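Visitor: Sequence:
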Amino acid sequence: MTTARPGTAGATRTCPHCRETILESASVCPACRHKLRFSESADAGAAAASVPLRVEGSLRNPDGGAWEYSMVLTIRNERGEEIARKLVGVGAMQPGEKRSFSLSVEMQAAGAGDKRTRPY
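Those letters in the sequence shown? Residues 214 to 333, by the numbering used here.
Treat each hint with caution, since some may be false.
Distance windows between CB atoms, simulated [stated by the list, open to error]:
hint: 1; residue 1: M320; residue 2: D276; range: 35 to 43 Å
hint: 2; residue 1: P275; residue 2: S315; range: 19 to 27 Å
hint: 3; residue 1: M284; residue 2: P308; range: 16 to 24 Å
hint: 4; residue 1: A244; residue 2: T221; range: 15 to 23 Å
Under the rule of at most 20 Å between Cα atoms (straight-line distance), these lysine to any residue pairs were calculated in the SDA-like manner [what the hints assert, rightly or not]:
hint: 5; residue 1: K248; residue 2: E269
hint: 6; residue 1: K311; residue 2: V268
hint: 7; residue 1: K299; residue 2: V285
hint: 8; residue 1: K299; residue 2: A279
hint: 9; residue 1: K299; residue 2: V318
hint: 10; residue 1: K248; residue 2: S283
hint: 11; residue 1: K299; residue 2: M284
hint: 12; residue 1: K248; residue 2: T234
hint: 13; residue 1: K248; residue 2: E233
hint: 14; residue 1: K299; residue 2: E319
hint: 15; residue 1: K299; residue 2: G277
hint: 16; residue 1: K299; residue 2: K248
hint: 17; residue 1: K299; residue 2: T225
hint: 18; residue 1: K248; residue 2: E295
hint: 19; residue 1: K299; residue 2: G309
hint: 20; residue 1: K299; residue 2: R232
hint: 21; residue 1: K299; residue 2: G278
hint: 22; residue 1: K299; residue 2: R267
hint: 23; residue 1: K248; residue 2: T225
hint: 24; residue 1: K248; residue 2: S263
hint: 25; residue 1: K311; residue 2: G270
hint: 26; residue 1: K311; residue 2: C245
hint: 27; residue 1: K311; residue 2: G277
hint: 28; residue 1: K248; residue 2: Q321
hint: 29; residue 1: K248; residue 2: A224
hint: 30; residue 1: K311; residue 2: S263
hint: 31; residue 1: K248; residue 2: C231
hint: 32; residue 1: K248; residue 2: G270
hint: 33; residue 1: K248; residue 2: R226
hint: 34; residue 1: K248; residue 2: S271
hint: 35; residue 1: K311; residue 2: S271
hint: 36; residue 1: K299; residue 2: E269
hint: 37; residue 1: K299; residue 2: A262
hint: 38; residue 1: K311; residue 2: T287
Derived from the structure by calculation, the hints contain no laboratory data.
Given the structure is predicted, the values throughout are model-derived calculations rather than measurements.
The C-beta atom is built at its ideal place from N, Cα and C for all residues, glycine as well.
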């Protein structure tokens with residue numbers, strides 16, 4: 214979770230379906246894709262999101278034995294300082310097997326989602 218105050222840009226909460234940490238303004242969980250809000254503005258906010266970064270790639274295990282892999286995601290700020298590091302998944306590939314990996318960063322204006330109000 215972030216240190217941002219509830220109702221401000223970057224504030225987070227826990228998805229009630231999958232328990233991942235998500236943005237408070239999200240109308241759909243990016244992890245499990247369950248809807249979190251049922252309103253017309255939620256659909257409009259989803260349409261306004263953009264994907265400025267998308268990377269896809271595949272790995273094929275060369276013949277000769279099993280190989281193990283770890284997929285690690287790191288986020289850094291403008292000074293190169295690590296903000297977050299997450300082990301996304303691990304596994305093994307037998308000879309001739311192939312794995313594909315996709316990474317996307319979805320962005321939208323901070324005010325695009327519905328604001329939740331909380332008593333202070």
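Visitor: Hints first: check each against the structure and report whether it holds.
Guide: Tested hints:
1. M320 / D276: 35 to 43 Å: holds (41 Å)
2. P275 / S315: 19 to 27 Å: holds (22 Å)
3. M284 / P308: 16 to 24 Å: At 20 Å between Cβs, range holds.
4. A244 / T221: 15 to 23 Å: 22 Å Cβ-Cβ, so the 15 to 23 Å window holds.
5. K248 / E269: violated (26 Å)
6. K311 / V268: OK: K311 and V268 at ~17 Å, within 20 Å.
7. K299 / V285: holds (6 Å)
8. K299 / A279: Given pair K299, A279 is violated - Cα atoms ~24 Å apart, limit 20 Å.
9. K299 / V318: Answer holds: K299 to V318 is near 15 Å, not above 20 Å.
10. K248 / S283: violated (30 Å)
11. K299 / M284: holds (9 Å)
12. K248 / T234: holds (15 Å)
13. K248 / E233: holds (14 Å)
14. K299 / E319: Measuring from Cα to Cα gives roughly 17 Å; hence the hint holds.
15. K299 / G277: violated (30 Å)
16. K299 / K248: violated (24 Å)
17. K299 / T225: Between K299 and T225 the Cα gap is close to 17 Å, so the pair holds against 20 Å.
18. K248 / E295: Violated - the C-alpha atoms of E295 and K248 are around 31 Å apart, more than 20 Å.
19. K299 / G309: violated (28 Å)
20. K299 / R232: Holds. K299 to R232 sits at ~15 Å (cutoff 20 Å).
21. K299 / G278: violated (28 Å)
22. K299 / R267: Holds - the C-alpha atoms of R267 and K299 are around 18 Å apart, at most 20 Å.
23. K248 / T225: Roughly 16 Å separates the two Cα atoms, so the pair holds.
24. K248 / S263: holds (18 Å)
25. K311 / G270: Roughly 11 Å separates the two Cα atoms, so the pair holds.
26. K311 / C245: violated (24 Å)
27. K311 / G277: Holds. K311 to G277 sits at ~14 Å (cutoff 20 Å).
28. K248 / Q321: holds (17 Å)
29. K248 / A224: holds (18 Å)
30. K311 / S263: Violated, at roughly 29 Å.
31. K248 / C231: Status holds; Cα separation ~12 Å.
32. K248 / G270: violated (29 Å)
33. K248 / R226: holds (14 Å)
34. K248 / S271: violated (30 Å)
35. K311 / S271: holds (7 Å)
36. K299 / E269: holds (18 Å)
37. K299 / A262: Violated - the C-alpha atoms of A262 and K299 are around 23 Å apart, more than 20 Å.
38. K311 / T287: violated (23 Å)
The structure fails to meet hints 5, 8, 10, 15, 16, 18, 19, 21, 26, 30, 32, 34, 37, 38 from the earlier list, while all remaining hints are met.
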